[in-house]
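Visitor: These are the residues of each chain, in order.
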Amino acid sequence: MAKITLDKIRHSYSAELMRKGDWALKEMDVTWSDGGAYALLGPSGCGKTTLLNIISGLLIPTEGRVLFDDVDVTDLPSDQRHIAQVFQFPVVYDTMTVYDNLAFPLRNRGMPTDKIRERVHEIAQMLDLQGSLKRRASGLTADGKQKISLGRGLVRPDVNVIMFDEPLTVIDPHLKWLLRSKLKELHQQVGATMIYVTHDQTEALTFADKVVVMHEGVVVQIGTPVELFERPNHTFVGHFIGSPGMNLLACDLREGTPTIDGHPLEVSAPFTPPDTGVQLQIGIRPEFVKLSREGLAVDIVKVNDVGRYRIVEARCQQQSIKLVVPEDEAIPADRAHILFDPAHTHLYADHWILT
Amino acid sequence: MSNKTTNNRAWWLVAPVVMLVAFNALIPLMTVVNYSVQETFGDNVFFWEGVRWFEEVLHSGRFHASLLRQLSFTGIILLIEIPLGVAIALTMPKKGVWVSVCLVLMALPLLIPWNVVGAMWNIFALPEIGLLGKMINGLGIDYNFTRQPLAAWFTTILMDVWHWTSLVTLLAYAGLCSIPEAYYQAARIDGASRWAVFRFIQLPKMKRVLTIAILLRFMDSFMIYTEPFVLTGGGPGNSTTFLSIDLVKIALGQFDLGPAAAMSLIYFLIILVLSWIFYTLMMRNEEQ
Chain Z
1 MAKITLDKIR
11 HSYSAELMRK
21 GDWALKEMDV
31 TWSDGGAYAL
41 LGPSGCGKTT
51 LLNIISGLLI
61 PTEGRVLFDD
71 VDVTDLPSDQ
81 RHIAQVFQFP
91 VVYDTMTVYD
101 NLAFPLRNRG
111 MPTDKIRERV
121 HEIAQMLDLQ
131 GSLKRRASGL
141 TADGKQKISL
151 GRGLVRPDVN
161 VIMFDEPLTV
171 IDPHLKWLLR
181 SKLKELHQQV
191 GATMIYVTHD
201 QTEALTFADK
211 VVVMHEGVVV
221 QIGTPVELFE
231 RPNHTFVGHF
241 IGSPGMNLLA
251 CDLREGTPTI
261 DGHPLEVSAP
271 FTPPDTGVQL
281 QIGIRPEFVK
291 LSREGLAVDI
301 VKVNDVGRYR
311 IVEARCQQQS
321 IKLVVPEDEA
331 IPADRAHILF
341 DPAHTHLYAD
351 HWILT
Chain L
356 MSNKTTNNRA
366 WWLVAPVVML
376 VAFNALIPLM
386 TVVNYSVQET
396 FGDNVFFWEG
406 VRWFEEVLHS
416 GRFHASLLRQ
426 LSFTGIILLI
436 EIPLGVAIAL
446 TMPKKGVWVS
456 VCLVLMALPL
466 LIPWNVVGAM
476 WNIFALPEIG
486 LLGKMINGLG
496 IDYNFTRQPL
506 AAWFTTILMD
516 VWHWTSLVTL
526 LAYAGLCSIP
536 EAYYQAARID
546 GASRWAVFRF
556 IQLPKMKRVL
566 TIAILLRFMD
576 SFMIYTEPFV
586 LTGGGPGNST
596 TFLSIDLVKI
606 ALGQFDLGPA
616 AAMSLIYFLI
626 ILVLSWIFYT
636 LMMRNEEQ
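The listed protein sequences derive, respectively, from chains Z and L. Here the first sequence stands for residues 1 to 355, numbered as in the numbering used here. Here the second sequence stands for residues 356 to 643, numbered as in the numbering used here.
In case anyone wonders, no lab produced these hints; they're calculated from the structure. Any given hint might turn out to be false.
Computed footprint of chain L on chain Z, listed as stretches where at least three residues anywhere in the stretch have a Cβ under 8 Å from a Cβ of chain L [claimed, not checked]:
1. 84 to 90
2. 292 to 306
Facing chain Z, according to a computed beta carbon distance under 10 Å, are these residues of chain L, among others [claimed, not checked]:
3. G493
4. A542
5. I544
6. L558
7. P559
8. K560
A quick note: this is a predicted structure, and the numbers were derived from the prediction, not measured. All residues carry an ideal CB built from backbone N, CA and C; glycine is no exception.
Using the sequences and the accompanying hints, generate a full structural model.
Guide: Structural data, given as structure tokens:
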């Protein structure tokens, strides 16, 4: 059990890229509290796996320190960090039985045989693998193999943190849900910190207490699912999370008030006006836009019925606005007016939140 | 299933292949079978002999001796080339410019014609003028592969190892390259030793290519002719007379076509059976 601190971490994969200022991870300070269930969310290539490999010690960061409970482990090899990692594709030792696979990390650490047996059976029970302990690991299905990978991590009694690198990629859809609930259950049982890398927001939001959103090598926000939804720190979080994502509308300031198409808008809180030349955007989730008799004039472009509600695409000048409209509400055919809920209307300057 | 169209005229489509196989393999093989059961004194006059030549070959001390030499030679070169090839493959770089350099260097011996290899090593190992021969003698070891059976064997094996280890290396390297990085990472986290990584990750993943390597090296070395013929001519005495060399001596030297044909068939069957045994043994675990 340990708190993990990334202290001014920065990473680049080669000296040449570094000269060009192309960092896979830009400088970041992140703390992962002990026993938390974290999801690391972001599109492919944003640096999630790099960050994970730095925590697990498979990569040494170019700059900065990794601390486990305030002990510097930056140069400590993976096997001494008390971490476990489950990879995107199941890693099992093909020639070994399931039992030997689970016992492997313990044998490498010289644990006595009877202790190993006890531990392996305990973990096999947790993962519903007792029935296949004697089978060759190569004969199992993908989800069985992923369970073994996970089991090799859990079997060690001293594991601080378990990391999952998109572990459900190769699992059949109907088993994904089962395995995910199993992970949640294990988290409560084992109490170790878990970091779950994914590019799937549903996976992230259902698994984690806290979601870490990454974008182009930067951690843009760490927050609970509700925080990410209601108050995205960065426009990327706004449109990456939520379906459909947040509306981002270019606006300008008139006498200190954000204005779209000459229409003044009230935002969630007072703010200090930024310097001129900064790109200003209004961000509002489709859920907080309402049809109304007054307000911003828009053209209705498209109505999409998705079941319990409808997604209406409207247009104001050249900007597209989406709004979520309940099933029973009438939608005007072409011209309409919309109102923004001021409490959920945010203002972004150069993509970062002002208010 | 039942409503599939059946048209027996489609068999004509495989006729070209059947013809090719017939002229390429079956007909020459049948000629050998024909010789193996008859005696001839020239002028295309043949007498039926039944299985006499087969009995003769199977009971001949000469055949036993060359078979034993052949088995020893193949066994020794397999024991050297497979581990050595794998060891070299393990040290080769995985990426960067050196990969192509290594691959080209490794492939070079494979591109040299067999008789050139024999001639090269013959000159290389000559005790008076050859670089290798002169050097060994310079070290104070009496070495002359044209006179000493042991030296002849040493040179023949060294030549084969030089010529063919690359093949094993290239195959093993291909197998190693197909192992995803995650396996090594998982092993590091599991605290696996270098040996455990080799034993439980690299070796199992190389199994298929190594099976191919062992089969190819087995078959090729069991049929070896040109290189030892050019290097030693089967000598000194009969000490490096392997099966092929012996067969050519009987067939073309003594012109005993009957015994030679019988020996060819037995030779062929031995290779077939041993290859099958190798393959089944190595693939046995796969099906479990």
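Visitor: Would you mind marking each hint as holding or not holding in the structure?
Guide: Now the hints, each set against the structure:
Using a Cβ-Cβ cut-off of 8 Å, 5 residues of the stretch 84 to 90 of chain Z lie near chain L, which meets the minimum of three, so the contact claim holds. Under a criterion of three residues with beta carbons nearer than 8 Å to beta carbons of chain L, the stated coverage of the stretch 292 to 306 of chain Z fails, only 0 such residues being counted. About 48 Å separates the beta-carbon of G493/L from the nearest beta-carbon of chain Z, more than 10 Å, and the hint is not met. For A542/L, the suggested interface contact is upheld, since its CB lies about 8 Å from the closest CB of chain Z, less than 10 Å.
At its closest, the beta carbon of I544/L sits 5 Å from a beta carbon of chain Z; the interface hint therefore holds under the 10 Å criterion. The restraint placing L558/L at the interface with chain Z holds, with a minimum CB-CB distance near 8 Å, inside the 10 Å limit. Taking 10 Å as the C-beta contact cut-off toward chain Z, the hint placing P559/L at the interface holds, the least distance being around 5 Å. The beta carbon of K560/L is positioned within 10 Å of a beta carbon in chain Z (closest approach about 8 Å), and the interface hint is therefore held.
In summary, the structure is inconsistent with hints 2, 3 from the numbered list given earlier, while agreeing with the others.
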